[in-house]
Every structure is written in C-alpha cells, then in structure tokens.
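Colleague: Make the full structure from the sequences, and use the hints.
Chains Z and D supply the protein sequences, listed in that same order. Heads up: the first sequence begins at 1 in the numbering used here, then just goes up one per residue. Heads up: the second sequence begins at 1 in the numbering used here, then just goes up one per residue.
It is possible that part of the hints are untrue.
[Stated by the list, open to error] Derived pair list, reagent style DSS-like, types lysine-lysine, alpha-carbon separation capped at 25 Å:
| no. | chain 1 | residue 1 | chain 2 | residue 2 |
| --- | --- | --- | --- | --- |
| 1 | Z | K56 | Z | K103 |
| 2 | Z | K103 | D | K57 |
| 3 | Z | K103 | Z | K60 |
| 4 | D | K78 | D | K11 |
| 5 | Z | K103 | D | K11 |
| 6 | Z | K49 | Z | K77 |
Please keep in mind that the hints were generated in silico from the structure rather than gathered at the bench.
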Amino acid sequence: GDSVTQMEGPVTLSEEAFLTINCTYTATGYPSLFWYVQYPGEGLQLLLKATKADDKGSNKGFEATYRKETTSFHLEKGSVQVSDSAVYFCALEAGNTPLVFGKGTRLSVIA
Amino acid sequence: GAGVSQSPRYKVAKRGQDVALRCDPISGHVSLFWYQQALGQGPEFLTYFQNEAQLDKSGLPSDRFFAERPEGSVSTLKIQRTQQEDSAVYLCASSLSGGSTDTQYFGPGTRLTVL
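Modeller: So this is what it looks like as structure tokens:
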C-alpha cells in the first residue's frame with residue numbers, strides 16, 4: 001500500500017541554520033504530496049503542497065520539490081527561526097484516497 | 001471565517017464507557033474525514049464522508065467505532081466500550097469537494113484518554 005517515510009527526530013537547530021527534513025514515498029499512480037505542520041497546542045495546518053512531478057511547493061520560507069525519479073519530497077528552509085519549532089508531517093494523497101502521513105519530525109530551534 | 005471545530009477538546013473515559021466526539025466542519029465543505037493520531041505517530045485514516053454518505057470506513061479499527069453525518073454537516077464519531085488502546089487524539093478534517101488536489105483543513109482534535 002501507499003506509505004510515507006520521513007526522517008526521525010527530534011531535530012535541534014540553532015536559529016538561522018539551514019533545515020532539511022527528508023521524506024520519501026511509495027505510491028501507485030501519481031500522488032499529490034503535502035507537508036503539514038503542527039505547532040504546539042494547535043491543529044495540523046497545511047504548509048505546502050505539490051501535485052505533479054517537478055512542482056515546487058513553497059510557503060513561509062519553506063520549500064519542497066516533487067521528485068518523481070527519487071520518490072522524494074524533502075522539506076527545506078534556508079534560515080530557521082525559533083517560531084518554526086513544531087512537528088512536521090509529510091503526507092501523500094493518491095486519487096480519491098485519504099491522506100497517508102509519515103510519523104512526523106519534531107523540530108526544535110534554539111536562539 | 002470559522003475553521004473546523006471539535007468538541008470536547010479533552011475526554012477522559014473509564015474503560016468500558018461509550019464516548020461521542022463531535023466535529024463541525026467548515027460551512028459548505030462536502031467532504032469530512034476522521035483520523036486517529038496515537039502518541040508520537042502520524043494521523044491514520046479512520047473514515048470519510050461525502051455529504052451524508054459514508055464512502056469509506058476501511059480505517060475503523062473495530063466494530064466498536066461508528067461514525068455518522070446525518071445531515072451532511074456535523075459529524076459524530078462514537079466509540080463503544082472504550083479500551084485503553086483507544087487512547088489517542090482524534091482529528092477531523094474537511095475539504096471543499098474531496099478531490100486529490102483539495103486541501104484538507106484540520107480541527108484541533110479531541111484527546112481521548114481511557115483509564
């Protein structure tokens with residue numbers, strides 16, 4: 001079945017450091033790919049998405065590129081802030097199916 | 001505008017009790033999803049409605065779990081005879097139409113603890 005694998009956390013970075021959270025997927029067909037973020041005490045929020053190969057999703061300084069050849073959708077940010085501390089979930093949706101999530105990666109950014 | 005709301009936010013139940021969790025989707029959203037998120041894990045799909053029709057309930061872990069959306073708006077997830085393994089955060093999400101490019105908007109979740 002469809003699945004998402006993302007790097008395990010926690011990830012701890014200093015403010016202004018470069019962030020990469022790896023995500024790879026297995027799916028039949030051509031899924032849409034998503035990154036969701038869960039800030040402390042809040043619900044899941046869509047951070048960015050890409051619906052076809054080579055698309056780049058971007059939001060709030062975060063970027064991820066849909067790489068069909070490597071079945072990956074790695075999340076990157078050039079300079080993290082303390083306010084980026086949260087849990088990040090990679091997810092896919094293939095056709096009219098529910099979202100399939102990875103296990104989440106907790107990011108802590110320290111000043 | 002109002003987002004997805006869920007109530008209660010926290011629920012503590014004794015093993016064997018029945019619980020009911022409510023979800024109010026964004027007004028006008030056709031599709032509604034329920035997910036279960038165990039501690040330290042990603043959300044896992046439970047069931048999906050399009051309007052009042054339950055189109056997929058393949059993720060419900062047992063026949064103790066039941067969901068309904070009788071008027072195509074508010075949904076209730078009911079768990080009968082709760083067990084300790086049911087302890088989790090239950091998330092509700094809604095989307096405008098449910099297509100694969102549609103964004104799902106999540107509520108804050110209900111944290112269920114079964115003692």
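Colleague: Confirm or reject each hint.
Modeller: Here is how each hint holds up against the structure:
| no. | hint | in the structure |
| --- | --- | --- |
| 1 | Z:K56 / Z:K103 | holds (22 Å) |
| 2 | Z:K103 / D:K57 | holds (22 Å) |
| 3 | Z:K103 / Z:K60 | holds (22 Å) |
| 4 | D:K78 / D:K11 | holds (13 Å) |
| 5 | Z:K103 / D:K11 | holds (24 Å) |
| 6 | Z:K49 / Z:K77 | holds (15 Å) |
The structure meets every hint from the earlier list without exception.
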